[in-house]
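Student: Order-wise, the sequence lines are chains L and X.
Using the working numbering, read the first sequence as starting at 14 and increasing by one per residue.
Using the working numbering, read the second sequence as starting at 120 and increasing by one per residue.
Calculated from the structure, these hints are not laboratory results.
Every value quoted in this text rests on a predicted model; they were computed, and no experiment measured them.
There may be inaccurate statements among the hints.
[Stated by the list, open to error] Coverage of chain L stretches by chain X, computed from C-beta distances (three or more under 8 Å per stretch; other residues unrestricted):
(1) 193–202
(2) 205–218
(3) 243–256
[To be verified] Partial chain X-side listing against chain L, Cβ under 7 Å, derived:
(4) Y132
(5) G134
(6) L173
(7) I176
(8) T180
(9) G190
(10) R194
(11) F219
(12) R223
(13) T226
Ideal Cβ placement from N, Cα and C applies to all residues, glycine included.
Residue-level listing of the chains:
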Amino acid sequence: MNGTRISPNGLRMAALLLFIAIYTAYAAGPFVWVAMMSLRTTTEIAADPYALPWPLHFDKFVSAWTDSNYDAYFFNSVGIVLTAVVILTVIGGMAAHCFARYRFRFKGLIYFIIFSTIIFPPQVTVIGLFQIMVDYGLYNSRIGLVLVYVSIQLPITIYILESFFARIPGDLFDAARIDGYSEWEIFWKISLPVALPAISTTVILNTILLWNEFLYAVVLITDDDKRTLPLGVLRFMGDQLEDVGMIATGLMIAIVPVVLIYVFFSERLIQGMTAGAVK
Amino acid sequence: MAVVELTDICKSYEGSGDLAVRDVNIRVEDAEFMVLLGPSGCGKSTTLRMIAGLESITSGTLSIDDEQMNGIPARNRDIAMVFQSYALYPHMSVRDNLGFGLKRRQTDRAVVKRRVEEVAASIGLTDYLERKPHALSGGQRQRVALGRAIARDPKVFLFDEPLSNLDAALRVSTRAELVRLHQKLSATMIYVTHDQVEAMTMGDRVCIMQNGEVAQIGKPMEVYLNPANTFVAAFLGNPPMNLMDATAGEGAVAVGDARITRAGISPGRKLTFGIRPEDLTPVDRPGDGILSGRVTSIEPLGAETLIHVDRGAHAPLIVRGGRLTAARLDETIHLAATPDMIRLFDAGTGRALEGTAQ
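Looking at chain L on its own, in the form it has when it is part of the complex:
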């Protein structure tokens, strides 16, 4: 008789599993749907939007890559995002090191000015930014987009790194000073390596955010050859009709690298975000 009764614990577990299942379906559902559509033609999708992908049209990926300029978009994205992330890490790291380690005049004011930029939504600044880019001949250029990406992500990068650098004991820097190292060398040999968990957090965070960035890219880049992956979908959207199947394929090409980065580095990301929270 006991065997057929469900214990309160079991009931609680079942409820939890149900909740997790619903949440997973809610969160992952759209992604799975796009993934399925990416392997189906637009005609098939129009006939039955939710059907399983059969036969699998892997050739759509080849066609997007070769015929629809996705190879160019992909390498643009890689180049722009990588450059921006490298610059962000170095400049953000240096700024964070200074904010965390040194006392200097107007430190509070400078910190405030840097952070005040994040309160404006991008829609507010994008028009002014467009004009500035035109004035400086940076409109419709990859270098211009890199500079914009660096400037929009810099405050949050400094913020994350500064709070981590501030937790590194000052004695370490004093020890390195006495060991004969200059401030510049201390930054490279002590600050950066010790702060590696925080550095990787900002690298992953910036890579994902910039890889998916659409608004600034669509406003500041017009040439098809300079477009990044998120803009690739524009190619399949006409005034009269949309090639839904190809849009899904393009999206998958854009999403897969980010998912891979997250799968491989998520542990590190969480480590960096919670570092020092326990101790």
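Since the structure of chain L is already known, use the hints to place chain X on it.
Tutor: Coordinates of chain X only, in the frame set by chain L:
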């Protein structure tokens, strides 16, 4: 060969008018082990950090071997420092920690490698060279910190309370190790601590600091026996020196009801009478003693017994007795003081009276 000399050193922090360190004059001789001793906030660590070049010097002169060091950055002073927190580089192995300072000065990798291995062997860490600091025990970390200083073979060693994070047993053995190290290297060492046992056992000389000023400099027994003022008298010794109000009379000093013969002090002068707990001896007859009071507690410590004596309106006393004591709780005890060990201080300034010291 390294003589460290501080002349009229002052330190004040920005935004604060007060001096954290005031007119400090210390000359540390070559191969001397000098201990800076004092309660927290007395300026001893700040003084050490100024010698290291980690804090700027507001005024005064710091010289090492007659070369002025005021403006010279820490990295060019040829000193090594052991920190309270050890400050080991967490991302480097023991080998890299030991060699980090050396690599800066010595480009020949083979020489660095040999030196690191020599030092590791001398501090018993050869088997741990490839480990990271987090995989070491507290005592091992402490030795790495020490080894990092030794590896550089600097002119001057600075220690900032290096033993305070160790447990009691390890502290005693490391203390002995440091003394041996000093004898072996015969290097100039400056050691900051608030622990008087460390100061007494390790220092060639002790510099006691109070409120940013030097209260007294001298050999450990010298400052223990002849404190320059009531602060040193009360700070050194555990339990500290007994201090009581006293007044000078004609050829004698009155301490409460007791009178101690002492000529040459102008009558009426307010004094502080000091006697160490071990220089008070219980006596049987009231006439043999100079002080008496009621025993309020007896603390047997094994080798000795501490007897707390209440003297009514006067300051209570502590007496250090032998292993066995005749004192009984709540009974009256009569105490005699070793005449040579009585110290008198001016009640106003707290300074020791000339001629009362032996």
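Student: Just pull the numbers of the violated hints for me, sorted ascending.
Tutor: Numbers 3, 4, 5, 7, 8, 9, 13 - these are the hints that the structure violates, sorted from lowest upward.
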